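Novice: Taken in sequence, the protein lines are chains D, V and Z.
Going letter by letter, the first sequence gives residues 1 to 320 in my numbering.
Going letter by letter, the second sequence gives residues 1 to 280 in my numbering.
Going letter by letter, the third sequence gives residues 1 to 313 in my numbering.
Hints in this document: simulated from the structure, not taken from any laboratory.
There's no promise every hint is true.
List time: in silico DSSO-like cross-link candidates among lysine-lysine, alpha-carbon distance up to 30 Å [said to hold, decoys possible]:
{"hint": "1", "chain 1": "D", "residue 1": "Lys314", "chain 2": "D", "residue 2": "Lys275"}
{"hint": "2", "chain 1": "Z", "residue 1": "Lys309", "chain 2": "V", "residue 2": "Lys267"}
{"hint": "3", "chain 1": "D", "residue 1": "Lys298", "chain 2": "Z", "residue 2": "Lys66"}
{"hint": "4", "chain 1": "Z", "residue 1": "Lys66", "chain 2": "V", "residue 2": "Lys133"}
{"hint": "5", "chain 1": "Z", "residue 1": "Lys278", "chain 2": "D", "residue 2": "Lys108"}
{"hint": "6", "chain 1": "V", "residue 1": "Lys267", "chain 2": "V", "residue 2": "Lys169"}
{"hint": "7", "chain 1": "Z", "residue 1": "Lys28", "chain 2": "V", "residue 2": "Lys169"}
{"hint": "8", "chain 1": "D", "residue 1": "Lys50", "chain 2": "D", "residue 2": "Lys17"}
{"hint": "9", "chain 1": "Z", "residue 1": "Lys66", "chain 2": "V", "residue 2": "Lys223"}
{"hint": "10", "chain 1": "D", "residue 1": "Lys287", "chain 2": "D", "residue 2": "Lys275"}
{"hint": "11", "chain 1": "Z", "residue 1": "Lys123", "chain 2": "V", "residue 2": "Lys267"}
{"hint": "12", "chain 1": "V", "residue 1": "Lys133", "chain 2": "V", "residue 2": "Lys267"}
{"hint": "13", "chain 1": "D", "residue 1": "Lys287", "chain 2": "Z", "residue 2": "Lys66"}
{"hint": "14", "chain 1": "D", "residue 1": "Lys298", "chain 2": "D", "residue 2": "Lys287"}
{"hint": "15", "chain 1": "D", "residue 1": "Lys275", "chain 2": "D", "residue 2": "Lys108"}
{"hint": "16", "chain 1": "Z", "residue 1": "Lys278", "chain 2": "D", "residue 2": "Lys275"}
{"hint": "17", "chain 1": "D", "residue 1": "Lys108", "chain 2": "D", "residue 2": "Lys17"}
{"hint": "18", "chain 1": "D", "residue 1": "Lys287", "chain 2": "Z", "residue 2": "Lys278"}
Keep in mind the model is a prediction, meaning the values are calculated, not measured.
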Amino acid sequence: MYGIPFDCDFQMVHLRKSMVEEVLGGPIDRWSSVPTYDELIRISSELNGKVPGVAGVGLMGARGMWSTYTWEHVAAQAGMMLFDENWEPIFNGDAGNKGMDTILALSKNAIEGYAGAGWGENRAAWLGGQVATNISWQDSGTQAMRPDQSQIVGDFVTIYEPRISGGRFAPPNIAGSTSCVAASSQNPEGAFLMLAFLTTSSIMAMNEANANGVGPGYRSVLTNPNLQAVSQPAEVMAASLEYAWCAPRLPGMFEMEQVIGNEVNRALVNQISGKEALDNAAAAVRKIMKQNGFYGAKPPVDYASVAPGLWVGKDKALPF
Amino acid sequence: MASQRRKKNESHLFRYIILGAWALFCLVPVLWFLSIGLRPRTEIITQQPIYWPHFSLDAWHMVWTDWPMGYYLRNSVVSIIGSVVIDLVLAIPAAYSLARYTYRGREDIGFYILSTRMMAPAIVAIPIFFLFKNMDLLDTVWALMIIYAAINLSLITWIIRSYMLDIPKELEDAARTDGASDLRILWEIIIPVILPGIITAGVIGAIFAINEFLFTLLIASTKSAYTMSVALANFTGGSDGVIYNAIALVAFIAFVPVFLVVVAIQKHLSRGLTMGAVKG
Amino acid sequence: MTDTSMSGTGVASASPGMPDRHFKRRSKRLRVMFPYLLVTPAVAFLLMITLYPGAYAIIQSLFYVKFANWQFVGTENYRDLFGDREFWTALWNTFVIGGVALTLECVLALLISFYAYRDPWIKGWRIIFLVPMLFMPSAVAFIWKLAFMDGRVISDLLIRLGFIDNNIGWTSSIWLSRLTLIVADVWQWTPFLFIIFVAALQGQDEEVEEAARLDGAGWAQIFWNISLPMMRPVIAVAVVLRGIDIMTMFTNVYIMTQGTPGGTTETISYFIYRIGFKSFNFGYASAASVVMLIMTLIIAQLIVKRAFKSGKE
Numbered sequence: 001m002y003g004i005p006f007d008c009d010f011q012m013v014h015l016r017k018s019m020v021e022e023v024l025g026g027p028i029d030r031w032s033s034v035p036t037y038d039e040l041i042r043i044s045s046e047l048n049g050k051v052p053g054v055a056g057v058g059l060m061g062a063r064g065m066w067s068t069y070t071w072e073h074v075a076a077q078a079g080m081m082l083f084d085e086n087w088e089p090i091f092n093g094d095a096g097n098k099g100m101d102t103i104l105a106l107s108k109n110a111i112e113g114y115a116g117a118g119w120g121e122n123r124a125a126w127l128g129g130q131v132a133t134n135i136s137w138q139d140s141g142t143q144a145m146r147p148d149q150s151q152i153v154g155d156f157v158t159i160y161e162p163r164i165s166g167g168r169f170a171p172p173n174i175a176g177s178t179s180c181v182a183a184s185s186q187n188p189e190g191a192f193l194m195l196a197f198l199t200t201s202s203i204m205a206m207n208e209a210n211a212n213g214v215g216p217g218y219r220s221v222l223t224n225p226n227l228q229a230v231s232q233p234a235e236v237m238a239a240s241l242e243y244a245w246c247a248p249r250l251p252g253m254f255e256m257e258q259v260i261g262n263e264v265n266r267a268l269v270n271q272i273s274g275k276e277a278l279d280n281a282a283a284a285v286r287k288i289m290k291q292n293g294f295y296g297a298k299p300p301v302d303y304a305s306v307a308p309g310l311w312v313g314k315d316k317a318l319p320f
Numbered sequence: 001m002a003s004q005r006r007k008k009n010e011s012h013l014f015r016y017i018i019l020g021a022w023a024l025f026c027l028v029p030v031l032w033f034l035s036i037g038l039r040p041r042t043e044i045i046t047q048q049p050i051y052w053p054h055f056s057l058d059a060w061h062m063v064w065t066d067w068p069m070g071y072y073l074r075n076s077v078v079s080i081i082g083s084v085v086i087d088l089v090l091a092i093p094a095a096y097s098l099a100r101y102t103y104r105g106r107e108d109i110g111f112y113i114l115s116t117r118m119m120a121p122a123i124v125a126i127p128i129f130f131l132f133k134n135m136d137l138l139d140t141v142w143a144l145m146i147i148y149a150a151i152n153l154s155l156i157t158w159i160i161r162s163y164m165l166d167i168p169k170e171l172e173d174a175a176r177t178d179g180a181s182d183l184r185i186l187w188e189i190i191i192p193v194i195l196p197g198i199i200t201a202g203v204i205g206a207i208f209a210i211n212e213f214l215f216t217l218l219i220a221s222t223k224s225a226y227t228m229s230v231a232l233a234n235f236t237g238g239s240d241g242v243i244y245n246a247i248a249l250v251a252f253i254a255f256v257p258v259f260l261v262v263v264a265i266q267k268h269l270s271r272g273l274t275m276g277a278v279k280g
Numbered sequence: 001m002t003d004t005s006m007s008g009t010g011v012a013s014a015s016p017g018m019p020d021r022h023f024k025r026r027s028k029r030l031r032v033m034f035p036y037l038l039v040t041p042a043v044a045f046l047l048m049i050t051l052y053p054g055a056y057a058i059i060q061s062l063f064y065v066k067f068a069n070w071q072f073v074g075t076e077n078y079r080d081l082f083g084d085r086e087f088w089t090a091l092w093n094t095f096v097i098g099g100v101a102l103t104l105e106c107v108l109a110l111l112i113s114f115y116a117y118r119d120p121w122i123k124g125w126r127i128i129f130l131v132p133m134l135f136m137p138s139a140v141a142f143i144w145k146l147a148f149m150d151g152r153v154i155s156d157l158l159i160r161l162g163f164i165d166n167n168i169g170w171t172s173s174i175w176l177s178r179l180t181l182i183v184a185d186v187w188q189w190t191p192f193l194f195i196i197f198v199a200a201l202q203g204q205d206e207e208v209e210e211a212a213r214l215d216g217a218g219w220a221q222i223f224w225n226i227s228l229p230m231m232r233p234v235i236a237v238a239v240v241l242r243g244i245d246i247m248t249m250f251t252n253v254y255i256m257t258q259g260t261p262g263g264t265t266e267t268i269s270y271f272i273y274r275i276g277f278k279s280f281n282f283g284y285a286s287a288a289s290v291v292m293l294i295m296t297l298i299i300a301q302l303i304v305k306r307a308f309k310s311g312k313e
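Use the sequences and the hints to build the structure in full.
Specialist: Quick look at the structure:
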């Protein structure tokens, strides 16, 4: 393992309990109530504007890394891989476009500010009760429980990641600069666990875990009922950890995240099509990769060494 | 006669509608923002905006207890005062030279000083960042002091120069015939006469320094150099999201002294803002 | 009425200089050098802060820079830049957003100062109208971000007035997104022009005005035919100064839109910042800086120099 995480987050899907249950006509089951993104699109479309001031779905569609993560994370369910074994970008293939089509469909039901929403804006809208469902990071599930900041305490559920029909089960997605740990680790699960601990560590959750005698770095952190009581995401994360995926952290990755996200943002505001966006991004990424020494005799990162970390769920039976 | 009077009253009415509307446009957002600072956080971003919130001093307590606001204030004050002092030391002789002597290259030197005001911060941001990094000055008030001084030097020089140009030559000539040296004339006659101009220049420079954002954003990374201006933006980056009520209060904390000082130098404001180019 | 003691509103001219000074106990050499010596510290300081970065940017723009690792690429950064859609978009945005905002500010400031300058309450108006300018720009950006976007206040007011049915997606539309930046800038900086214009109007010769009025000229005619021509140099200087600041617009973009949607609110300053400090592609950002520097120098020579000298005969 080389690399210390300094900014780590898992994307998750959160629902407003009362609203979504009304549409579903019954209580939410975390595993199966919203099995696919198609279902999330349907639910958010039905909920959009049903209550004045409440939009169907919140998602981070701002330029730069925000859009990148949102798209990456959905596309991963469709089986998207960023690179082939020669480090050629292949994310503009079918799986990538499926992910793109999905977030474009979601954006039709999205809160009006989605195209400018990074973490801060998305969080504010979610905690302020402006959205009925939300694709966000795990803090949005923990902080929503805090009465000093949240309008929706007790009225939300963090669910297991919906799939894409024909895709794979691939949550959580590790965003940010942390991915190096997982991608370059020979023990991806250990790396995910460490990240899981770090990322759930809103101070409250960490204190709770410590107070209950739970040391960091173990799976038991996430399965600890006391931690789960103050952080819904901990429970979800613990159960879906074995299917986690991540983007490799490569030289030039900051720049790549920016160019991909900028193109995705253009698609989200209908300036270009989703396919054009991904094709543009792939061309830009290839150029950055080349500048950073890939495609030569000796690439700076050996593909085989990071491949095991790209998707942990390979060869494991699906839990549903 | 009567129709003329009616016409005059109508034009008065129209005038007050225009001025009143603009006054509302200026003040309503400010008052609303003040109300943001004095409400609990849960009433800021909601399904529909809340216009009559509950009163709360949460943000006030938060600003002073959770955040090192004292440090931010100190950094702002130290770096700004330091930069103004540096500027005055450099600008007064320079302005004197530009205003009172004729020599080759004077116009070009004057214009060079003026032109530094036009430099977009973004242009020099990257090299300056590395310069301070190599000098080990990143994240210190010294770096801020130097950068603010550089940003404002042209402004301050030109304002002071403009005031110096107003001084009648006879005043100096009288002193000179008494055998006073040029430096003594500068110190004992010119500076006291243009003191209001110097103060104006200092105040306007200080305001621009308070407002400076990009350089401060790049240079400061912890409480040892965060200023009020950048601290605001920093209240948005953490996992606590954008804390608008705290931002509003900090904005007002910084506003009050600036407002008082500016009202005090009102008379000189237009001249200062145009770097001395517009008198009156 | 203030400032009646100040004469006129003309643009300052350079001093006539001091040919015949008596430097009794000084050598001729020192006498010649003296004014240079006075101005040297300031110039040296400014050179350090402009010349060094300028040279540094030019050199860095010839490299592909990954933190400590510099790889010479010749003019590749420049070739990329001129073919970069985002760069040209940023230039165009800066021009469009700045141009609209500056025009609006100028028209509004003229209108308000025209109505305000003979008003008996002018001192009060002036203090009120000054207020927006005295908030930190970053705070102002947050005020408008909350009003337009996060807090939905503008949308809500428009819904209540019956103009629209749903919250407006400011950040999804090119012109609405630009509008939020323009409103924020107009709100904060119209006072800047107002203060200057009102001072100029107050300084104009009341007798000329009175004579024109006796000849039957209305307020508007006086303003159009007498005040405005008289104010031309003042307007030139004020607009140039405001224009410089607007063309370097950064704070509002950084806080409010970050260039959304699709880069159509990204200004050139934000572009450089983003390439340098978000993508960490310093060489490329430096190339953009150098291009912008050259443009600045051209504008400075062509416009600014003239505006500041326009009052001089």
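Novice: Where does the structure disagree with the numbered hints, that is, which hint numbers, in rising order?
Specialist: 12
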